[in-house]
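> Please put together the full structure from these sequences, using the hints given.
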Amino acid sequence: MSAAEPLVLGIETSCDETGIGIVRGRTLLSNTIASSMDEHARYGGVVPEVAARAHLEALQPTIEAALAEAQVQLGDIDAVAVTSGPGLAGALMVGVGAAKALAVALDKPLYAVNHLVGHIAADLLDADAEPLEYPTIALLVSGGHTSLLLVRDLTSDVELLGETVDDAAGEAFDKIARILGLPYPGGPEIDRAAASGSDGNGGTRPGDPNAIRFPRGLSRASDLAEHRYDFSFSGLKTAVARWIEQQDAAGQPVSTADVAASFREAVVDVLVTKALAACADYGVPRLLLGGGVIANRRLREVALERAAAAGVTVRIPPLSLCTDNGAMIAALASELIMAGRAPSTMAFGADSTLPITDIQVAGEAG
Amino acid sequence: MILGIDTSVGTAVAVVEADGVVLAEASSANPLGHAEVIGELLQTVLGTARADAPLGHAGAGTPGERLEITAVAAGMGPGPFTGLRVGIAAARTFALGRGIPVVPVVSHDAAALGILLDQALAGETDAERFAIVTDARRRELAYTVYDGMDDDGLPVRVTEPALTPRDEIDTVLAGLGAERRDTTAVSAAMVALVAARSLAAGREVGPRDALYLRSPDVTISAGPKKVGV
Ligand SMILES: [Zn+2]
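These protein sequence lines map, in sequence, to chains H and C.
According to this note's numbering, the first sequence is numbered sequentially starting from 33.
According to this note's numbering, the second sequence is numbered sequentially starting from 2.
These aren't lab readings, by the way, just hints derived from the structure by calculation.
Please note that the accuracy of each hint is not assured.
What the hints assert, rightly or not - Here are the simulated distance ranges between beta carbons:
id: 1; chain 1: C; residue 1: 48; chain 2: H; residue 2: 59; range: 33 to 41 angstroms
id: 2; chain 1: H; residue 1: 377; chain 2: C; residue 2: 100; range: 20 to 28 angstroms
id: 3; chain 1: H; residue 1: 69; chain 2: C; residue 2: 168; range: 33 to 41 angstroms
id: 4; chain 1: C; residue 1: 138; chain 2: H; residue 2: 282; range: 48 to 56 angstroms
To be verified - Within a straight-line C-alpha distance of at most 20 angstroms, the following computed DMTMM-like cross-link-like pairs (lysine to aspartate or glutamate) qualify:
id: 5; chain 1: H; residue 1: 140; chain 2: C; residue 2: 69
id: 6; chain 1: H; residue 1: 140; chain 2: H; residue 2: 96
id: 7; chain 1: H; residue 1: 140; chain 2: H; residue 2: 37
id: 8; chain 1: H; residue 1: 140; chain 2: C; residue 2: 41
id: 9; chain 1: H; residue 1: 140; chain 2: H; residue 2: 108
id: 10; chain 1: H; residue 1: 140; chain 2: H; residue 2: 189
Keep in mind it's a predicted model, so treat the numbers as computed, not measured.
Each residue gets a CB set at the ideal place from its N, CA and C atoms; glycine is no exception.
Okay, here's the thing in structure tokens:
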């Protein structure tokens, strides 16, 4: 295998995207994704069994499409990479079984890696960006996770500073969308609703983010002692539902645009505040954003604005690499190979709660 | 040479010659942990088969050389979904990696063939109609009724795989005139043999998709609640 620029095929099946990525060193050759999102829409959220079935059906065609796009043959691959966790156990197992058999069939090394660290590795594939500098604070926000990390080295030293204690931020968007009668997934729908309010005279005006002061979870002084970098969004969901009920009971009109904008502001505020607090506390003037919710424009706007004011540089990988994908998994494995790490031994499984410190699973120091 | 993979009960893999000679077999009876063990089991059987394969086979007896597998037989269930998928996924990517076909096999067919071959060896010619019965979780059982072997040496299915509540199985089978054969292991060698016989006969006897027999068990929301303007 070329340790200088290994050709790696990555398999990602931790949630509802079947992602196959192919990279050569840090060069992205293919990022192919089959999503079962539409199948989950009528349930209002990801249904694990539906996701796992979709992975099984999508795997082979997605691998073939990725190979065609990258213009490589399976025989050319230097290593296979797979997400071992965290994620939905049944979904992860499809990828793990597939990756092991593929590696055995090709007689190539296998690297089992951490999904969350993969989100950070996505940044390496940005050909136009300056190299990633360490240490950096990373905020990963998606439908499945909300995590704040201190990254001292991508392949050897990632520390979990905090995470959500209940819902992920993306889940909160989905739940509020449901309360507002909007379809799944909630993120883009909340954005649309927040942008298109009524001015009462037949015209439109954007929702007012300050119209309603929804609670910022785990932000009180008493919470900060123990949960300085943790997040909580379930209380926010309750607060929005109760506020709407009270308005209805009082016969007051409810502006969906104001509710959407105010809710989004509460989520964005707490995400950015805590991330920048971590930057300040650790003296790290760098913040990397990742995960599918980064596609939310308001989150990026507020993060960029407030980071600039705080003297913090923000990095955002290309949005196509922020949602779950196999390229980030391949990129992380590629980085491990280039750092001289031995492959994972075959005995690993799917670990739905894999800790962030396990960057590579069942690997031995090389 | 056919690689058989079945994870409908435990995890089982085998390498079988087209004529049915078993070159290597390895399995784990654990009804969980399919994803953990499948890689090592594959490595084990491929290694053993390579060492034991008769001379003349590509890769036979030559460490470092690849054993020439010509097809992958995949046990498609029925079986608990989470484990079942691991084997099917593995069969599909192994085949993709080697550029060879996947031959889907009803896992109950493999269990039935094992029983039929045992009966033939014992000289039982007028054996009873029987049902392969396996655990389907959620207080249900999966069953398929068989009646002998056809001219291609494949078990004859009288009913397609189906589910029934545990406490109704005996009534159901009595109605079908089938003897109950509780099955707690499916042999990957038999899965491979069913595939070998169906390939030889030019027949497709297994389903393309996993035999779930149950739709994704979910509570569908009553639809979004509409509020606001
Ligand atoms: Zn993710």
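> Now, for every hint given, state plainly whether the structure supports it.
Here's how the hints hold up against the structure:
1. 48(C) with 59(H): 33 to 41 angstroms: holds (35 angstroms)
2. 377(H) with 100(C): 20 to 28 angstroms: Distance hint for residue 377(H), residue 100(C) holds at roughly 27 angstroms.
3. 69(H) with 168(C): 33 to 41 angstroms: At 40 angstroms between Cβs, range holds.
4. 138(C) with 282(H): 48 to 56 angstroms: Roughly 50 angstroms apart at Cβ, these two residues keep to the hinted range, so it holds.
5. 140(H) with 69(C): Given that 20 angstroms is the threshold and the Cα spacing comes to 17 angstroms, the pair holds.
6. 140(H) with 96(H): holds (18 angstroms)
7. 140(H) with 37(H): holds (15 angstroms)
8. 140(H) with 41(C): holds (14 angstroms)
9. 140(H) with 108(H): holds (10 angstroms)
10. 140(H) with 189(H): violated (26 angstroms)
In the structure shown, a violation is registered for the earlier hint numbered 10 alone.
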